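J.: Chain by chain, the residues run as shown.
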Amino acid sequence: MESFSLILAIVVITALAFDFTNGFHDTANAMATTISTGALKPKVAVAMSAVLNLVGAFLSVEVANTISKGLVDESGIRPEVIFAALVGAILWNLLTWLVGLPSSSSHALMGGLIGATIASAGVSAVHGGVLITKVLIPAIAAPLVAGIAGLLSTRLTYRLGRKSDGKAAEKGHRAGQIASAGLVSLAHGTNDAQKTMGVITLALITGGALAPGSNPPTWVIVSAGVAIAIGTYLGGWRIIRTMGKGLTDLQPQQGFAAQTSAATAILASSHLGFSLSTTHVVSGSVMGAGLGRKGGVVRWSTATRMFIAWGLTLPAAALVGAGAEAVTRLGDWGTAAVAVFLVASSAAIWKISRREIVDHTNVNGDTPVDGAEEPAGVVTQAMAAVTPPPASPVTEELTATIPAPAPAPVTPATTPPAPAV
Amino acid sequence: MDIDWAALSSVFGVSLGVSVGLVALFTLGIAGLSRRERAVAQGSGSGALAVTGAYVCFAACAAAVAYGIYLIVA
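Chains as they are written, first to last, in this note's numbering: chain D, 1 to 421; chain P, 1 to 74.
Just chain P, with the same shape it has in the complex (with noise of 0.2 Å):
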């Protein structure tokens, strides 16, 4: 009997650090967005910055999504 030790801790670390880091940027995303929302509410400016950087972040879970899509037909 041989447990692949290998194989499943680098299942484990591929798998924690993947998802925590599009978690992380989808989040930072949403708040982006979510304070040009307030920006806008006050009428305080556009928000542009935190919009493109909201942009960047999706650009980059899109981006990862699409590689996703590539392992899954490859």
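Here chain D stands alone, though its shape is the one from the complex (with noise of 0.2 Å):
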């Protein structure tokens, strides 16, 4: 009994780590329009955020209903299974955020679950179907409904706004902006939270902690939220950036179309039950808003780049899971092995990180490695035409050296003897 509850207490832990990784994630989808077109100062938008998704935490606890009752039979999975597939999800969250590229969370957390299963119950426990009508289907209907919604939205409000100018109009576009915003955290908290709640209470149950089909306790839903709190509140501002002014450069309507487009596109489907992912959304919607303006572009490198993320998002996570997986069956040494490698990786990814730190003071600033390669970029273009070239390391080595061979004539050894009188 003693080293039952240590596995539950680690996966416990793993799944709020996973919790926070995700609002560090998802930060972007709520708030990367409303930072970039300064509607709001960074700090006060993630702030907002955090404080929204905590509030939809407690609002309901239906979708961690669906995950612990019913989706995946509880009688034949172990704890370790779900702290496996949990080790996946986090460690591709990590590695996209460090990249700077949106991606699904729920798709990191659903690959990882379901390479953990095939790892423990072979690939007969995977529905294919299911795999494709819940994951493929949404993953590509997601960007293009909000996209085209978007796209439209942005176009009437240009042309419909097209006399209106002056502080009315400024304070209208960040309102619009603000509420929408606002919605898409407070949504994002009570789908995105539960999940968690729901892997939590599943763990419990699976442990013999929980009767099965009960609700998931106060501790959980109040740790969760608060745990999705932090993480938003912290921000993953690498994709913010990418987000924010990295797949297009918003104008305030065009953020206030796009945000609203992702908003009602986010209800809407979680409603009618055809579930969409809210980062799939959101830059399908923000990509559309780009396409919409007069003279605006989508940086389709950055988008590439985005989607390749995407279809990575599920095997990725899938094999880190089942690998997982795979050591923790050696006994507790292995589940101990793989606690360690996820703290290691995630530590390594953090110092990664600090190379090139980007945080609320340059969340707005130019992503130049995208800039670079865009050849729409015509500032760019003139930023690197007048630039002069850096000065390599290499030609300062070479002046250094050349002083060097300078004694050498002097010296009598390497001057050719005279000839002999």
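Mixed in with the good hints there might be a few duds.
Said to hold, decoys possible - Taking CB as the label site, the calculated pair distances span:
1) S60(D) / S10(P): 40 to 46 Å
2) G334(D) / W5(P): 43 to 49 Å
3) S301(D) / A6(P): 35 to 41 Å
4) N215(D) / Y67(P): 35 to 41 Å
5) T52(P) / P212(D): 33 to 39 Å
6) Y70(P) / T218(D): 21 to 27 Å
7) E356(D) / V73(P): 54 to 60 Å
As the list claims (entries may be wrong) - Simulated pairs of lysine to aspartate or glutamate, EDC-like, Cα-Cα distance not exceeding 16 Å:
8) K167(D) / D4(P)
9) K294(D) / D249(D)
10) K134(D) / D4(P)
11) K41(D) / D332(D)
12) K43(D) / D359(D)
13) K171(D) / E37(P)
14) K163(D) / E37(P)
To be verified - Just so you have them, the derived chain D footprint on chain P, three or more residues with Cβ under 8 Å:
15) 9 to 23
16) 30 to 39
17) 61 to 70
Worth flagging that the hints you see were computed from the coordinates, not collected in a lab. Remember, predicted model here, so these are calculated numbers, not experimental data. Note that beta-carbon positions come from the ideal geometry of N, C-alpha and C, so glycine has one too.
Make the complex out of the two chains shown on their own, each in a separate frame, by following the hints.
T.: Now the structure itself:
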């Protein structure tokens, strides 16, 4: 019983860590457009999103119940499988954060669960049809739905509002953006914090600490809400920069149209039972808004990298989840090894991220790597033309070494001997 | 494998209709407010009609947001 509760404690802590990375990763969904158009100061935006995520976590337990009741057959699952799944999901979230690409946290979690389940119970335990209808189709549909809605609303808002200017218009777009971003945050809290609650409850049920079919206990709700709020507040600034500045350049009208379409699509999909990933929806609506303005551009190279990341999310998390599950089966020390591996990799990723810090001070700055490779970036091209090429360290080394051979002719040893008389 | 085309297309239709409608309403509201701003600046009337129209638009948007919160909570 002792070791049993230890593994349960590890699973709960890992689930809360996943919840934290989830909040961290998805701040961008609610706040990227608000921050990049200047409607809210970066710190204020993430604080507001954090509070709304926390509030959202307490609103209902319906999503949590669909995960902990009936989605998987809890009799065949050990807590180690859930642990392995979470390891895969966390590592994928951190990796995509490091390269600044938005990707779906839910897909990462699902991928981890699928991988760990395959490693534990075989390929037959996963239904291919469910995979296509629940994962593949929504991933293609979400950006299309939100993108087209964002495109048309942007067109419309420019057409109807071509006579609006001045203080009133500026204030109006700000208020509209803040309201729709708030709705996205609230919806995110109810959806994603609850996913973690569901996972923790499922772990407690499989570990025998709770009776099957129970609702999540209060401490689970509170800790999941707090974990996602802290993650949101710390803010995945790298992803916010990609979403708000990297995909396209947003004006306040576009930010407002994008965020409103995203909020509508998220609420409509979750209410009509065709669940779409918040990340996919917001990315789509931002790109749609980018295309909707006359002369607006979408940076397709950044978008392509993002689509590739979406495609890799599920298999990559599944692979890590499967590997982790295989190691935990070796016994308690295997589980310990996976835990050490998780902590070490997370620390390594954090360490690498410190090489180029992105935070609330430079979140609206240019992304140098992306800007350089964009044909559309007239400003960056002009800047590149006027900027003198950096003095390379190689030439400095060369100049430093040139004096060295100078004394050579002086040394008599190298001079050819004079012919003897 | 069974793709739920009905749910997919209703999500598509509702998202499209509601977001375009909301954005249109809100933009009209903003247009009304800035018309008042211009009218006051030029001293040509108070633009009362424009302001009333603007507030009707904003009220409709607020109702939509309230319905959104209701959907989240329910």
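J.: Of the numbered hints stated previously, which ones are contradicted by the structure, given in increasing order?
T.: 1, 4, 5, 7, 8, 11
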